[in-house]
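K.L.:
Next come the chains, spelled out residue by residue.
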Amino acid sequence: MTDSKRRRDIPGTTIFDGEQARKGYALNKMCYSFNSAENRAEFLRDEEAYCRRFGLNEPQRAAIRQRNVLDLLAAGGNVYYLAKFAGIFGLDVQDIGAQQTGMSKDAFKAKLAAAGT
Amino acid sequence: MARIVGAITSTHVPALGRAIAQNLQQDPYWKPFFDGFPPVHDWLREVKPDVAVVFYNDHGLNFFLDKMPTFAVGAADEYSNADEGWGIPTLPPFRGDSALSWHLINALVEQEFDLTTCQEMLVDHAFTLPLKLLWPDDEVCPVRTVPVCINTVQFPLPSASRCFKLGQAIGQAVGSWDEDQRVVIIGTGGLSHQLEGKRAGFTNKAFDREFMASLTRDPTWATRYSIEELVELTGTQGVELLMWLAARAALPGKVREVQSNYHIPISNTAAGLMVLENK
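Protein sequence lines correspond, in order, to chains P and Z. Sequential numbering of the first sequence, starting at 1413, is according to this note's numbering. Sequential numbering of the second sequence, starting at 1130, is according to this note's numbering.
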């Protein structure tokens, strides 16, 4: 039995475990570099070169190109580092939430608010 | 001897940084959250802590996946905030208390907690913003601090039971610190929320309410759950309730609730605030 088989299956949720951490290392390392404004600017100057420098694989590069959060997660991305990537484009966690759930941002915010009533 | 004056537990979200910077405390969206704090400010003026031990989780400012400690304790005389990538204003450095840090480190390792010790440590919004919420009028945070960082980024995470024991050990260690100092314990994070995946936007009001009530009635209640059960019940970031558990566990014996506030949502988060003190 592998580790992943023993794991609890939580719908719509990826547990960022050792397997994901190995798979996503290069992608997460690139996103971690976006703590620096200089690196964010450099990424914007030449996105492909920046991805190459960090050794992203093809699925990771495609997901970066498409700004697709679910694909970035599937490629091993961790949301805390991905949030720094999203920050480059001024996207917040509600933009990301809306994209992942296929909703408009207003609908996503309304859903959040409804949970409080 | 040092004395623990109580514990404060609060949500942290980056968006609070912007709300504070833009003075949105009375904005209808933010007001239900910020309105929880004035009674806490009154309490802090009364108990006058000298030092804060702060349980929080780093979100990829100080730690990356190259080295990911389960429990990390700051051992510096100053901690800096820095750019986290999304442009919220950086707060001025926080004073440390390396004497208390080393006292805690010595006591914890003696009790078989295998820690990472950090003489340099950047502190992110999870540390800085709750302190700003507690002392909003002070340019520089008026208490000295000891950051205690618990990994919630990369699984496996330490169990709820282990975090509770860490809190207990810190509480005992503070109690044996031979200095006439008043110490407040702070835990930041939670409550239920999930940022990623198709379940993004998940919150669980019923669970949060029960968890908050358990901190006075039955503090080990949440330790019955595995980490994965907690993720299922509270979301991938809701698991930050580990910081609340550790902070509560640092208070010896029975506690009473001084203040409590709960509001959904701020950002994607079910926001909670509690102040607990010994009876």
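Since the hints were derived computationally from the structure, they do not count as laboratory data. Fair warning: this is a prediction, and the values are worked out from it, not measured in the lab. Honestly, I wouldn't trust all of these hints.
Unchecked claim - DSSO-like cross-link-like pairs, simulated, lysine-lysine; straight-line CA separation at most 30 Å: (1) Z:Lys1196 x Z:Lys1327; (2) P:Lys1517 x P:Lys1441; (3) P:Lys1435 x Z:Lys1334; (4) Z:Lys1294 x Z:Lys1196; (5) Z:Lys1261 x Z:Lys1334; (6) P:Lys1435 x Z:Lys1196; (7) Z:Lys1408 x Z:Lys1383; (8) Z:Lys1327 x P:Lys1523; (9) Z:Lys1408 x Z:Lys1294; (10) Z:Lys1160 x Z:Lys1294; (11) Z:Lys1408 x Z:Lys1334; (12) Z:Lys1327 x P:Lys1441; (13) P:Lys1523 x Z:Lys1334; (14) Z:Lys1383 x Z:Lys1334; (15) Z:Lys1408 x Z:Lys1261; (16) Z:Lys1334 x Z:Lys1160; (17) Z:Lys1327 x Z:Lys1383; (18) P:Lys1521 x Z:Lys1160; (19) Z:Lys1177 x Z:Lys1196; (20) Z:Lys1261 x P:Lys1521; (21) Z:Lys1261 x P:Lys1517; (22) Z:Lys1261 x Z:Lys1294; (23) Z:Lys1177 x Z:Lys1327; (24) P:Lys1521 x Z:Lys1294; (25) P:Lys1441 x Z:Lys1196; (26) Z:Lys1408 x Z:Lys1177; (27) Z:Lys1177 x Z:Lys1383; (28) Z:Lys1294 x Z:Lys1177; (29) Z:Lys1294 x Z:Lys1334; (30) P:Lys1523 x Z:Lys1160; (31) Z:Lys1334 x P:Lys1517; (32) Z:Lys1383 x P:Lys1517; (33) Z:Lys1196 x Z:Lys1334; (34) Z:Lys1327 x Z:Lys1408; (35) Z:Lys1294 x P:Lys1517; (36) P:Lys1521 x Z:Lys1334.
Stated by the list, open to error - Part of the chain P face toward chain Z, derived, beta carbon under 8 Å: (37) Ala1453; (38) Leu1456; (39) Phe1520.
Just so it is clear, CB atoms sit at the ideal spot from N, CA and C, and this is done for glycine as well.
K.L.:
Check the structure against each numbered hint from earlier and tell me which ones fail, lowest number first.
P.N.:
Of the numbered hints given earlier, those the structure breaks are 3, 10, 17, 19, 23, 24, 32, 33, 34, 35, 37, 38, listed in rising order.
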